[in-house]
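Trainee: Each chain, letter by letter, is given below.
Number of protein chains: 2
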Amino acid sequence: MMKIYDFPRGPYPARVRIALAEKNLQSRVRFEMVDLYKGEHKQPGFIAAKNYSGTVPVLELEDGTLIAECTAITEYLDALDGAPTLTGRTAREKGLIHMMNKRAELELLDAISVYFHHATPGLGPDVEIYQNAEWGFRQRDKAVKGMHYFNGVLKDQKFVAGDMFSMADITVIAGLIFAGLLKLPVPAECEALQAWYAIMRERPSVKNRVTMSESVS
Amino acid sequence: MMKIYDFPRGPYPARVRIALAEKNLQSRVRFEMVDLYKGEHKQPGFIAAKNYSGTVPVLELEDGTLIAECTAITEYLDALDGAPTLTGRTAREKGLIHMMNKRAELELLDAISVYFHHATPGLGPDVEIYQNAEWGFRQRDKAVKGMHYFNGVLKDQKFVAGDMFSMADITVIAGLIFAGLLKLPVPAECEALQAWYAIMRERPSVKNRVTMSESVS
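Going line by line, the protein sequences match chains A and B.
Last residue of the first sequence: number 217 in the numbering used here, and the count goes up by one each step with no gaps.
Last residue of the second sequence: number 217 in the numbering used here, and the count goes up by one each step with no gaps.
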């Protein structure tokens with residue numbers, strides 16, 4: 001059985017939990033909680049043994065191979081059955097999905113994460129040993145601008161990378177999950193983004209992601 | 001014919017130029033220079049028409065479809081002939097290559113880029129309208145630590161993501177190209193990284209990347 005190191009309510013862990021459910025692979029993994037608020041992901045042991053970058057989620061295969069980074073884990077899970085549904089089939093789909101996935105990180109999810117860790121109490125003083133508030137607030141502003149950008153995209157198309165649900169939608173969903181945790185509202189005028197998110201929240205993969213750990217613990 | 005908007009000597013453009021040459025696709029593109037030192041990539045027109053994130057390279061397909069972000073462009077180019085050599089064939093290869101590619105961005109290339117734009121004169125005062133030097137210097141230190149990390153990886157294996165050249169090697173190469181431009185030396189004790197880089201620099205795709213634009217202009 002594969003193992004996932006994560007933190008059930010975390011926005012980045014959500015990306016992999018949603019991908020798992022979309023691919024119907026929940027029964028093939030068990031979860032091991034890494035307590036972010038205790039800084040377990042920044043311990044030298046975790047960094048040396050599991051992920052140099054000190055982040056979760058990390059996927060551990062049965063042979064011990066470790067795959068960190070949400071995009072990489074999603075690529076792995078999506079390719080397992082030889083029938084990719086999240087990362088694209090043709091060159092064009094792959095290109096567009098990876099572009100929008102990266103854009104969702106840069107302009108939304110990662111920006112909110114920097115805001116959280118640098119301009120709010122974040123994971124608490126024992127974990128946030130260096131903060132750069134000015135940088136954090138700039139990233140918050142960038143994320144709000146990013147919401148307007150994705151609103152524009154979703155006015156013209158059903159999903160973030162075109163007419164099919166993909167990994168890029170999952171990354172925007174994670175961004176809005178993070179924004180929700182921080183009470184950073186989606187601007188009222190971003191109606192297309194809000195309408196899309198209302199539909200996304202009803203997808204079983206999104207709705208049930210946090211309970212996933214309970215079923216195996 | 002496809003078009004690539006880039007800046008010939010740029011480290012990120014290098015990623016796509018190397019990928020193009022590795023896939024032997026040079027004859028299928030022409031280049032259009034975006035002058036970074038004039039801030040052409042930050043002009044509202046470029047942002048609205050070509051890439052919301054205001055970065056190069058951007059690939060424009062014959063039908064006008066735009067693909068930004070190096071990883072996305074590499075995915076596209078690598079899938080064109082149905083025989084991927086840079087982004088992985090199996091689930092395991094895809095997972096490991098994407099992990100190491102992202103790690104090379106996070107821990108090396110992107111860190112050096114932030115250092116350049118925030119803690120050096122960067123592209124000059126007209127383009128670098130906001131700088132956060134403290135953040136920039138921290139990212140420089142992170143990149144030097146990243147060099148030690150990749151040195152450790154390359155002690156044990158021939159390439160960044162295992163026993164095959166991949167997109168992850170290209171991203172580390174781009175990191176060291178950027179470090180070279182900034183005279184940020186690879187530490188002397190990083191012998192495995194230096195030995196690997198000496199071999200990489202001799203690859204035709206790496207060696208001839210800057211002259212690529214001249215052949216079509």
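These are calculated hints, taken from the structure and not from any lab test.
Check before you lean on any hint, since a few could be wrong.
If several chains are the same, the list does not tell them apart, and a pair holds so long as it fits within one copy or across any two.
Claimed, not checked - The list that follows gives simulated cross-link-like pairs (lysine to any residue, SDA-like), each with its CA atoms no further than 25 angstroms apart:
1. K145 <-> N132
2. K142 <-> L80
3. K183 <-> D156
4. K42 <-> D81
5. K158 <-> M33
6. K23 <-> L123
7. K142 <-> M2
8. K23 <-> F137
9. K158 <-> S27
10. K142 <-> G122
11. K42 <-> G64
12. K3 <-> P187
13. K142 <-> H117
14. K38 <-> A198
15. K207 <-> P121
16. K50 <-> K142
17. K42 <-> V144
18. K207 <-> A48
19. K23 <-> T120
Trainee: With reference to the structure, classify each hint as holding or not holding.
Mentor: Each hint, compared with the structure:
| no. | hint | result |
| --- | --- | --- |
| 1 | K145 <-> N132 | both (20 angstroms within a copy, 20 angstroms between copies) |
| 2 | K142 <-> L80 | neither (35 angstroms within a copy, 34 angstroms between copies) |
| 3 | K183 <-> D156 | neither (27 angstroms within a copy, 46 angstroms between copies) |
| 4 | K42 <-> D81 | neither (33 angstroms within a copy, 42 angstroms between copies) |
| 5 | K158 <-> M33 | neither (35 angstroms within a copy, 34 angstroms between copies) |
| 6 | K23 <-> L123 | neither (31 angstroms within a copy, 44 angstroms between copies) |
| 7 | K142 <-> M2 | neither (36 angstroms within a copy, 31 angstroms between copies) |
| 8 | K23 <-> F137 | neither (36 angstroms within a copy, 42 angstroms between copies) |
| 9 | K158 <-> S27 | neither (30 angstroms within a copy, 36 angstroms between copies) |
| 10 | K142 <-> G122 | both (18 angstroms within a copy, 21 angstroms between copies) |
| 11 | K42 <-> G64 | within (21 angstroms within a copy, 44 angstroms between copies) |
| 12 | K3 <-> P187 | neither (38 angstroms within a copy, 36 angstroms between copies) |
| 13 | K142 <-> H117 | both (15 angstroms within a copy, 17 angstroms between copies) |
| 14 | K38 <-> A198 | neither (33 angstroms within a copy, 42 angstroms between copies) |
| 15 | K207 <-> P121 | neither (27 angstroms within a copy, 47 angstroms between copies) |
| 16 | K50 <-> K142 | between (31 angstroms within a copy, 19 angstroms between copies) |
| 17 | K42 <-> V144 | between (28 angstroms within a copy, 19 angstroms between copies) |
| 18 | K207 <-> A48 | neither (34 angstroms within a copy, 34 angstroms between copies) |
| 19 | K23 <-> T120 | neither (35 angstroms within a copy, 46 angstroms between copies) |
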